[in-house]
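*Asks:* Residues per chain, in single letters:
Protein chains: 4
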Amino acid sequence: KRHHSHATAPSVDISGIYPPIATPFTAKEDVDYKKLEENVQKYGKIPFKGLVVQGSNGEYPYLTEEEQVEVVKTVRRSLPADKLLIAGSGCESTRDTVQLTEKMAAAGADAVLVITPCFYKGKMDSRALIQHFTKVADSSPVPVVLYSVPANTGLDLPLDAVVHLSQHPNIVGCKESGGDITRIGLIVHKTKTQDFQVLAGSAGFLMAAYCVGAVGGVCALANVLGRELCELERLCLSGSWEEARVLQQRLIEPNTAVTRKLGVPALKEAMEWFGFHGGACRSPLQPLTEAEIQQLRRDFSSNGWL
Amino acid sequence: KRHHSHATAPSVDISGIYPPIATPFTAKEDVDYKKLEENVQKYGKIPFKGLVVQGSNGEYPYLTEEEQVEVVKTVRRSLPADKLLIAGSGCESTRDTVQLTEKMAAAGADAVLVITPCFYKGKMDSRALIQHFTKVADSSPVPVVLYSVPANTGLDLPLDAVVHLSQHPNIVGCKESGGDITRIGLIVHKTKTQDFQVLAGSAGFLMAAYCVGAVGGVCALANVLGRELCELERLCLSGSWEEARVLQQRLIEPNTAVTRKLGVPALKEAMEWFGFHGGACRSPLQPLTEAEIQQLRRDFSSNGWL
Amino acid sequence: KRHHSHATAPSVDISGIYPPIATPFTAKEDVDYKKLEENVQKYGKIPFKGLVVQGSNGEYPYLTEEEQVEVVKTVRRSLPADKLLIAGSGCESTRDTVQLTEKMAAAGADAVLVITPCFYKGKMDSRALIQHFTKVADSSPVPVVLYSVPANTGLDLPLDAVVHLSQHPNIVGCKESGGDITRIGLIVHKTKTQDFQVLAGSAGFLMAAYCVGAVGGVCALANVLGRELCELERLCLSGSWEEARVLQQRLIEPNTAVTRKLGVPALKEAMEWFGFHGGACRSPLQPLTEAEIQQLRRDFSSNGWL
Amino acid sequence: KRHHSHATAPSVDISGIYPPIATPFTAKEDVDYKKLEENVQKYGKIPFKGLVVQGSNGEYPYLTEEEQVEVVKTVRRSLPADKLLIAGSGCESTRDTVQLTEKMAAAGADAVLVITPCFYKGKMDSRALIQHFTKVADSSPVPVVLYSVPANTGLDLPLDAVVHLSQHPNIVGCKESGGDITRIGLIVHKTKTQDFQVLAGSAGFLMAAYCVGAVGGVCALANVLGRELCELERLCLSGSWEEARVLQQRLIEPNTAVTRKLGVPALKEAMEWFGFHGGACRSPLQPLTEAEIQQLRRDFSSNGWL
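Residue numbers (the working numbering), protein chains in the order written: chain A, 3 to 308; chain B, 3 to 308; chain C, 3 to 308; chain D, 3 to 308.
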C-alpha cells in the first residue's frame with residue numbers, strides 16, 4: 003500500500019507507544035492550555051512514538067469542536083516535530099466526521115483516529131460502517147486509524163469490515179480497545195497482505211498484543227507510567243519475554259484502576275502523583291470519593307509503583 | 003410541586019401522545035425545512051398533545067447544533083400554539099446541556115427532553131446523573147423531562163435517581179423507552195407524591211404503560227399511525243380495555259419494525275406510505291434493502307394497515 | 003385445538019394464579035417432606051388455580067431426579083383434587099426431558115412446565131428448540147407448558163418458535179418470566195387462533211400481563227402473599243383497574259426483593275414471616291446476610307405488608 | 003503448596019495440552035463406547051499431557067450420571083497410564099458435586115474439573131462460589147481444577163474468588179475459557195506465590211496465554227488438530243515466538259468455527275475429516291446445515307488445513 007499510496011496522504015508508520023492524553027481543566031472547567039502544554043513538554047521527553055489527542059481519555063465528547071481543534075493546535079506546538087500527533091475526529095454522522103477530520107489535519111494532526119459511530123447501534127452493521135469509514139478515508143488529507151472501543155460505544159467494529167477497510171490506501175491501521183486477543187490475532191492474520199498496523203488500546207493486554215502481532219499501543223496508563231510502558235515495548239521487541247511478563251503483570255491492576263474500574267477521574271488523579279497535571283474532569287464526571295482514591299492508591303502501591 | 007414551582011418555569015401537563023418527529027433531508031443530506039413544515043402541518047391536525055423534536059428518531063446526533071435549533075424554530079412556527087413542543091437538549095457534558103437547553107427554550111420549546119449522558123457509561127452512576135440533571139434543571143427556563151433510552155445509550159437511569167430527581171420543581175416527568183413495565187409501574191408508585199408524569203417511550207407497550215399509571219407516550223410509530231395511537235389513548239383513558247387490547251396488538255409488529263428491527267430508515271420509509279415526507283437518512287444510516295422493505299411492508303400489511 | 007386434541011392428553015385450562023413452590027430442607031439439607039406437606043395444606047386454602055412444583059424457586063437444579071419425583075408425589079397427596087399440579091420436567095437433553103416428563107405425569111402432574119435447554123446457548127436457535135419441544139410434547143402423557151426464563155437461562159424462547167409450537171395439540175401455553183410486556187402482548191396476538199394460554203412469570207408485571215391478554219401468573223411472591231395475588235387477579239378480571247393498580251404497585255418491591263434482587267433465600271425468609279416453612283437453601287445458595295434481611299424487611303414494610 | 007499438600011490428594015502438574023474429548027453416539031443417540039475407545043487410542047499417540055473428559059465439548063449435560071462415570075472408566079482403560087485424565091464433575095448443587103467428584107476419582111480420574119454453578123446467576127457471588135469450591139476441594143480424593151466458561155454459564159468466576167481458592171491445598175489450577183487475556187495475566191500474577199497453574203480454555207488465545215504465564219490449554223480444536231496444538235506448545239515453550247505466531251494465526255478461524263460459531267456439531271464434523279469418530283450430537287443439538295458445513299470447510303481450507 004505504501005507504494006500505491008493516496009495522493010494527499012503519504013502513509014505513516016504508527017508503531018510504538020502513545021498516551022491518549024488527558025485534558026486539564028481550570029477550576030471553572032475551562033480547558034487549561036497552559037497545563038496542557040506543560041504535560042506535553044514532559045511527554046516529549048519520554049520515548050513515545052507520539053501522542054493521541056481527543057481519545058476517550060481526553061474527555062473529547064465534553065469538548066466543543068472549537069476546543070477540540072484548539073487542543074490539537076496547542077499540542078502540536080508543544081510537541082517535538084518527530085513525534086506523531088494522532089487526533090480523534092470521529093463524530094456520529096459521516097459528514098461531521100469528514101469535516102472534523104479536515105480541521106484536525108489543518109490543526110497539525112499527522113493522522114486521525116476515527117471511532118465507530120454508535121448511537122444507532124442496531125443499524126451500525128458492516129455495510130454502514132464500511133461506507134462511513136470509506137467516505138472519511140477518501141476525503142481525509144491524512145491517514146486514518148480505525149478505532150473500536152466497545153466499552154464506550156457498545157459496538158465492536160465487525161472483523162469483516164476491518165479486513166475490507168484495511169485495503170483502503172488511506173487507512174493505515176486500527177486501535178483495538180476491546181481486549182479480545184483472539185480477535186487481535188485474527189485481524190493481524192487477515193490483514194497481513196495489507197499495509198495495516200494494529201495498536202493495542204489498553205496497557206492490560208499490551209504484551210499479549212505484541213505477542214500476536216500488534217505493533218504498539220495507545221494506553222491510558224501511559225499518561226502516568228509512560229517510561230515503563232516504553233520499557234515494556236522494548237522488552238517485547240527484543241524478545242525478552244520473561245522480563246516483559248514480570249513488568250506486564252505489575253501494570254495490569256494500575257491500568258484497570260485508571261480505566262474500567264475508576265475511569266478518567268482516576269487517571270487524572272494518578273497523573274498528579276507522578277508529576278503531571280491531571281485535576282478534575284468536566285461534569286457529569288465526578289471526582290473520586292476518598293474510598294476510591296485509597297483503592298486507586300492500593301492498586302499502584304501493591305504493585306510497587308508507589 | 004405545581005404550587006411551589008420554579009420562578010421561571012411554570013409546570014406543564016405533558017400527558018398525551020407525541021410523535022418524536024423525523025427530520026427530512028434533501029438529496030444532498032441537508033435538512034429539508036420545507037418538507038419538515040409540511041409534515042408538521044399534517045401532524046397539527048391529529049389530536050396529539052404535541053411534538054417531540056430532536057428525539058432519537060430525529061437523527062439529532064447527526065445534526066449540528068445550528069440545525070437542531072433551526073429545526074425547533076421551524077416546527078414552532080408551523081405548529082398550532084396549543085400544541086406542546088418538547089425539544090431534545092441533552093449533550094454529553096453538563097455545560098453543553100445547560101447551554102443547549104437555553105437555546106431550545108429561546109427557539110420556542112415548551113419543555114426539554116434530556117437524555118442520559120452515556121459515553122463514560124461506567125461512571126454514569128446515580129451520583130453523577132443526579133448532579134447532571136439537577137444542574138440542568140436548576141438553570142433551565144422551561145420544564146425538564148428525563149429521558150432513558152437504553153437501546154441507544156446502553157444505560158438505564160437508575161430508579162433511585164429518578165425518584166430523587168422527581169422532587170425537583172423543574173423536572174416534570176420522564177420518558178421511559180426501555181419498555182420494562184415493572185420499572186414503569188414502580189416509577190409511578192415511588193413518585194406518586196410528586197408532580198411527576200411518566201410517558202411510555204414506544205408504542206409497543208403503550209397500553210400496558212397506561213394500565214400501570216403512565217399518562218402518555220412518545221412513540222416513533224406516531225409519525226406514521228398517529229391517529230391510531232391517539233385512538234388507543236382514548237380507549238385506555240375511557241376504560242375500553244378490550245377494544246384497546248385489539249388495537250394495541252395490531253400495532254406491535256409495525257412498531258417493532260420501525261424501531262428495534264429496522265430503525266429510523268424504516269420509520270421514514272413507512273412515513274412515505276402514509277402521506278408524510280420521510281426520505282433518506284443521513285449517512286452512516288443506510289437505506290433499507292429491498293428485502294427489508296418487503297419485511298417492513300409485511301409487518302404493516304399482516305396487521306391490516308396496508 | 004381442544005377439539006382435535008392429543009389422544010392421551012385432554013387439554014386443560016391453566017388460567018389462574020400459581021405459586022412456584024419452594025422446597026423446604028432439614029438442617030442437613032435433606033428435603034423436609036413434612037414441612038412441604040404443611041405448606042401445601044395451607045396453599046390449598048388459598049384460591050390458587052394450582053401449584054407449580056419444580057420451578058426455578060423450588061431449587062429443582064439442586065434436587066436429584068428421585069427427589070424431584072418424590073416432591074411431586076408428596077404435593078399431589080396433600081393438594082385438593084381440584085387444584086392443578088404443574089411440574090417442571092425440563093432437562094438439557096431431549097431424551098432426559100421426555101423421560102422425566104413421563105415420570106412427572108406418573109407422579110401426579112396435571113401438566114408439565116418445560117424450561118428451554120440452555121447450556122449450549124449459541125446453538126439453541128428456533129430450529130433446535132422447536133424440535134426439542136415438539137418431541138417432548140409428542141410423547142408427553144400430559145399437556146406441556148413452555149417456559150422461558152432468561153434471567154436463569156440466558157436465553158429467550160424465540161417468538162417464531164413460540165408461535166410454531168402453539169399449534170401443537172399437546173402444548174397449551176407458556177410461562178413468560180422475562181417481563182417483556184411487548185413480547186407478551188405479541189405472543190397473545192400471534193397465537194390467538196390457537197388454544198394457547200400465556201402466564202406471567204412474575205408478580206411484578208402481573209397486572210400489565212392481564213391487560214395485554216395473559217390469563218394468569220406463576221409468581222414466586224405467591225408463596226408469601228398468595229391471597230393478595232389472587233385478589234389482584236380478581237380485580238383485573240372484574241375490570242377494577244384503578245384498585246388493581248394500587249395493589250399491583252404495592253407488590254412490585256416485595257416481588258423484586260424475593261426474585262431478582264435477593265433470590266430464593268429471600269423468598270424462603272419472607273415465607274417464614276407469613277406463616278409458611280421457608281428455611282435455608284441448599285448450598286451453594288447462601289443464607290441472607292443481616293443487611294440483606296433488613297433490606298428485605300424494608301421492601302415489605304415500606305409497602306404496608308409488615 | 004506441594005510441600006504441604008492435602009493428605010489424600012498429592013498435587014499434580016497439569017501443564018500441557020488436552021483435548022476436551024467429544025462423546026460419540028450411535029444412530030440411536032446412545033454412547034458409542036467402541037468409537038470412544040478408538041478415539042482415545044489415537045489421542046494416546048499424540049503428545050498430549052492427557053485428556054479432559056466431561057468438559058463442555060463432551061455434551062456432559064446431556065449424559066446421565068451413569069453414562070458420565072462409564073465414559074470416564076472407558077477412557078481410563080484405553081489411555082496410556084502416563085497420560086492424565088481430568089474429569090468434569092461439576093453440578094449445580096454442592097452436595098451433588100461432592101458426590102460426583104468421588105465417583106469420578108473412583109472411576110480413574112487423576113483430577114477433576116469443576117465448573118461454576120450458574121442457574122441462580124444472581125446469587126453466585128464470591129461468597130457462594132468460594133464456599134462451593136472449598137467444600138468440594140475439602141472432600142475430593144483428587145486435585146481440583148476450577149473451570150470458568152462464561153459462554154455457557156453466563157458467569158465469570160470472580161478474580162478475588164480465584165485468588166482465595168488458589169490457596170487451597172487441593173485446588174491446583176484453573177481452566178479459563180472466557181478468553182480475557184488481561185484476566186489470565188492477572189490470575190497468574192496474583193497466584194504466583196501459590197502452587198497454582200492456569201490453562202487456556204481455547205486454542206484461539208493459546209499462544210497469548212503462554213505469553214502471559216499460562217502453562218497449557220484445554221482446547222476443543224485439539225480433538226481435530228491435536229499434533230498442531232502440541233507443536234504450538236513446543237514453539238511457545240522453546241521461545242520460537244515468530245514461528246508460534248504464524249501457526250497460532252492459522253488456528254484461530256478453525257477454532258472459532260468448532261466453538262463459538264458452529265459449536266459441538268461442527269467439532270464432531272471436523273473430527274470425521276481428520277480421522278476421528280465424531281458423528282451426531284444428542285438432541286436438541288442439531289446437525290449442521292449444508293451451508294454450515296461449507297462454511298466450516300472454508301474455515302479449515304482457507305488456513306491450509308484441508
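Because the hints were derived from the structure by calculation, they are not lab data.
Glycine included, each C-beta is placed from N, C-alpha and C at the ideal position.
Hints may contain errors.
To be verified - Below, in silico cross-link-like pairs of lysine to any residue (SDA-like), each with a Cα-Cα straight-line distance of 20 Å or less:
| id | chain 1 | residue 1 | chain 2 | residue 2 |
| --- | --- | --- | --- | --- |
| 1 | D | Lys-192 | A | Asn-305 |
| 2 | A | Lys-30 | B | Thr-136 |
| 3 | A | Lys-85 | A | Glu-40 |
Stated by the list, open to error - Footprint (simulated), chain B over chain A, 3 or more residues, beta carbon under 8 Å:
| id | segment |
| --- | --- |
| 4 | 96 to 108 |
| 5 | 191 to 203 |
*Asks:* State for each hint whether it applies.
*Replies:* Hint-by-hint comparison with the structure:
no. : hint                   : result
1   : D:Lys-192 to A:Asn-305 : 10 Å, holds
2   : A:Lys-30 to B:Thr-136  : 18 Å, holds
3   : A:Lys-85 to A:Glu-40   : 16 Å, holds
4   : 96 to 108              : holds (count 3)
5   : 191 to 203             : violated (count 0)
Hint check: a violation occurs at hint 5 only; the rest are consistent with the structure.
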